[in-house]
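K.L.:
Here the protein sequences come in this chain order: H and R. Under our numbering, the residues of the first sequence are numbered 3 to 500, in order. Under our numbering, the residues of the second sequence are numbered 6 to 364, in order.
Hint data in this document are derived by calculation from the structure and do not stem from the laboratory. Hints should not be assumed to be uniformly reliable.
Stated by the list, open to error - List time: in silico DSSO-like cross-link candidates among lysine-lysine, alpha-carbon distance up to 27 Å:
| hint | chain 1 | residue 1 | chain 2 | residue 2 |
| --- | --- | --- | --- | --- |
| 1 | R | 217 | R | 145 |
| 2 | R | 12 | H | 499 |
| 3 | H | 491 | R | 12 |
| 4 | H | 491 | R | 145 |
Unchecked claim - Covered stretches of chain H, as calculated for chain R (at least 3 residues, CB under 8 Å):
| hint | segment |
| --- | --- |
| 5 | 318-331 |
| 6 | 437-451 |
Each residue gets a CB set at the ideal place from its N, CA and C atoms; glycine is no exception.
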Amino acid sequence: MNKKGRHVVLVKNLKFVRSSIGVKYQKKAQSEVGNSTKAEQFINDLKKHTSKMNDVIFKKIPTSESVVTVIYSSSLVDKITMQLMIFIPLANHLNQIHQVAEVIKTTDVNGISSKLISGQTLLYFHQSNLLLSIDTYSAPTRSITNTETESTVIGPQDAFTESLETNISLVKRRIQNPMLKNEERTIGKETNTKISILYIDNIVNHENLERLRSRIDHIDYPAYFDISVLKQLIEDNPLSPFPQYYMTVRPDTVSYYLLDGRMVVFMDNSQDALVCPTSFLEMFISIEDYYNRWTTASLLRMLRFFGFFLTIMITPMYISALTFHPEILPYELLLNLQESRSKVPFPPLFEVLFIELIIEVLREAGSRMPAKVGQTIGIVGGIVIGTAAVEAGLISNILVVLVATSALLSFLPPIFLMSNTSRFVRYIFILSAGLFGLFGQMLAFAWLITHLLRLNSLGTPFMTPVIPRKASDLMDSIVRFPIANLKEKMGISRSQKK
Amino acid sequence: MSTNKRKLLNRYHVVFLVQSTMFGTGVLSLPQRLSSLGYSQALFPLLFGVIASLSIWPMIWINSKYKNENLFRINEILLGKWIGKSINLFIVLQFTLFLAAIISSYMNLIQTTALPEQTLTIPVLFFLLLLTYIVNGGIKSVARFCIMAFFITIPMLYFLRWAIEKGEMSHLFPLFNYNGHEFFEALRKGYLSILGYEVIMFYFPYIVNQKKAYKHALVGIWISIFLCFITTLVSVIYYSEWQLENIEFTVLHLFKAGEFSFIERIDIIGITLWIFLILSTSAGYLWSAKKGLDSLRSKKKKYHVYLITIVIFAVVVMPIPLESQKKLFEGSYYVGYLLLVWPIFLSVVHILRKKQVQQ
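Make a model of the complete structure from these sequences and hints.
P.N.:
Here it is as structure tokens:
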């Protein structure tokens with residue numbers, strides 16, 4: 003009676019329990035099916051929406067709370083981050099996910115896809131129809147290296163990379179000031195690129211800042227692949243050959259300008275930083291001038307500044323002296339020149355144009371060629387062509403010296419854009435010297451001065467030292483006075499603090 | 006240029022604008038024009054400076070009574086619409102001719118010294134294109150160009166060093182060795198060289214600090230006068246009396262005395278650098294002429310500048326006989342004197358009118 007009885011009772015109980023459990027199970031199953039159809043529908047919709055994006059991955063993971071589908075874009079998220087932030091907490095502490103994540107409405111399809119393509123992971127809880135998102139953007143970026151285009155001998159050697167956060171961190175670790183503000187914007191309808199405007203709130207001039215902001219907000223360009231595209235859209239005079247904003251890849255230059263009251267713009271996936279407003283003289287200033295002593299710095303600045311004008315005047319002087327005014331040269335020099343030109347069949351203008359074009363071809367080809375081939379061709383091109391051309395009587399050897407010197411001088415300005423400008427301006431001078439000799443050269447020089455005087459950089463005149471706004475500006479222009487005397491901010495920034 | 010009369014010119018702009026419009030083409034032949042005085046002309050520019058400082062006072066006075074109007078509008082206000090407009094037309098024509106005279110004489114000089122094998126049409130064309138480029142930037146661009154022109158051409162003073170070395174200081178004394186007839190002839194011919202400051206009557210509304218405009222204009226005038234003084238001083242030291250009378254472009258020949266080891270004829274460099282001074286003078290006059298045309302037709306149009314430039318080009322290049330061209334240009338020079346005494350006349354009219362209104 004005992005065992006059997008209990009058994010039967012147990013079995014009876016079990017049957018009852020099983021049936022009741024069965025009912026419960028059926029109910030739960032029904033509700034689960036009801037929920038799961040809705041969830042399945044949502045997941046299917048999402049899959050259709052991201053059908054051609056093969057790097058979007060859907061993973062269904064059962065957890066203690068409910069079945070979770072993890073959706074992420076594998077090209078923007080790295081595996082270790084996924085493990086640490088998503089999969090391990092999903093398995094062990096689900097509350098962590100609920101605390102950290104952001105809730106999104108399941109009906110906001112555009113919001114969902116924009117979150118997916120910016121590197122966030124979406125977690126969809128099937129049972130409760132809850133959509134959460136966690137920021138797991140961890141795409142591989144380049145590490146901080148030396149700069150190749152703006153290197154200095156002394157001073158810090160790090161340069162910006164293409165990641166916006168790395169760049170801002172490079173600046174913020176140099177200026178640890180709570181007044182350093184950072185405004186972010188997204189521009190470009192097709193690329194949705196992020197830009198950041200940095201400035202120091204109690205030094206910058208707010209009128210300039212407002213002007214910059216309104217210009218950026220008013221442009222309507224679809225796609226940005228580099229900050230130079232943005233620069234050309236917010237410049238005052240886009241038709242001028244001269245750059246009106248300063249572009250740099252060095253964090254120490256950027257922090258110097260920030261502390262002087264300028265504004266700096268960074269763009270994601272862009273190595274350069276844009277500094278505005280700026281002046282013509284600053285195109286010839288390198289940050290290394292502040293690391294050198296004042297005598298060296300003054301000498302180098304004078305060399306760069308006058309080198310710019312020399313490089314546009316040397317070869318045109320050759321043309322005008324030989325074509326129009328041979329009486330300008332002293333007897334021995336004239337004899338020397340005529341001797342070296344004795345075999346040349348062309349007039350000086352064509353000779354100069356010919357060799358200038360060869361040098362342009364060498365320069366351009368050398369910058370596009372792969373490194374292994376580039377050096378050989380450069381040496382071959384330079385030495386062989388130069389020597390052979392002189393021997394063949396196509397150009398005179400004095401001209402080779404002049405052109406080579408002017409080509410070297412054109413690389414003096416620290417900003418690459420300015421050296422490119424001097425290449426262009428030199429052709430204008432060559433042509434005007436070929437047409438009217440020294441008169442043409444002075445006409446071209448007057449044109450250059452007038453053009454520079456009419457340029458504006460974010461509303462402020464580009465040639466600022468024409469009338470220095472403050473006397474202290476002169477202490478840091480072509481000649482640099484010792485650092486102890488350079489405490490004041492430059493006049494062009496019209497900063498709040500003097 | 007701005008349609009509203011925004012205050013654009015601070016004191017440095019005023020100083021150098023006045024200075025540049027005075028010191029341009031006239032200086033090249035200044036010693037020759039004063040040659041009736043012979044060697045005593047050294048101190049003459051200082052006398053011109055005094056006369057200039059006195060004559061600029063009525064200009065600034067009449068302009069400060071009508072703070073936001075240039076001379077064209079003041080003419081219309083004080084003399085009635087039709088007389089005012091006809092006077093304005095006369096002024097515009099005079100400026101155009103004056104510009105043609107300056108450009109023609111400078112280009113002829115270039116042709117004789119620097120470009121002997123070239124016809125002048127195309128260089129004149131390029132010169133005028135550059136001039137319109139400067140003037141299109143407005144009065145502020147003209148003023149800044151004048152400042153840059155001053156600083157770029159000031160190093161040419163160094164070229165006078167050889168003339169002093171090779172000259173005779175004894176030419177300077179005795180100082181007042183002339184009679185009244187010679188004095189007046191030199192005054193009449195020589196004062197033309199430093200005309201130019203009357204252009205202040207046209208850009209006065211743009212000056213920021215109008216109360217101190219007289220002081221700043223004086224600074225500009227005396228800088229020019231000082232440069233003219235150095236010129237006459239050095240040319241007296243260097244030349245003989247016969248040379249002073251007969252060499253037309255005396256300053257240029259002063260440069261010929263220069264000797265460098267690596268350049269032979271620095272007068273070519275001197276005459277081509279002079280283009281900055283010519284440009285700065287002409288830009289001031291062209292801008293005023295453009296404003297005159299604007300006020301004649303009572304609307305601002307961009308092509309007014311080009312219209313005036315085409316007329317200048319036509320006058321310079323036209324194949325009229327040299328004698329009549331010379332007479333025309335001399336006439337326009339002397340009419341410039343009229344513009345000097347005009348503000349005195351206007352001030353009298355203004356005072357009379359005020360008395361009328363009060364009565």
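K.L.:
Among the hints numbered above, which are violated by the structure, and what are their numbers in rising order?
P.N.:
none
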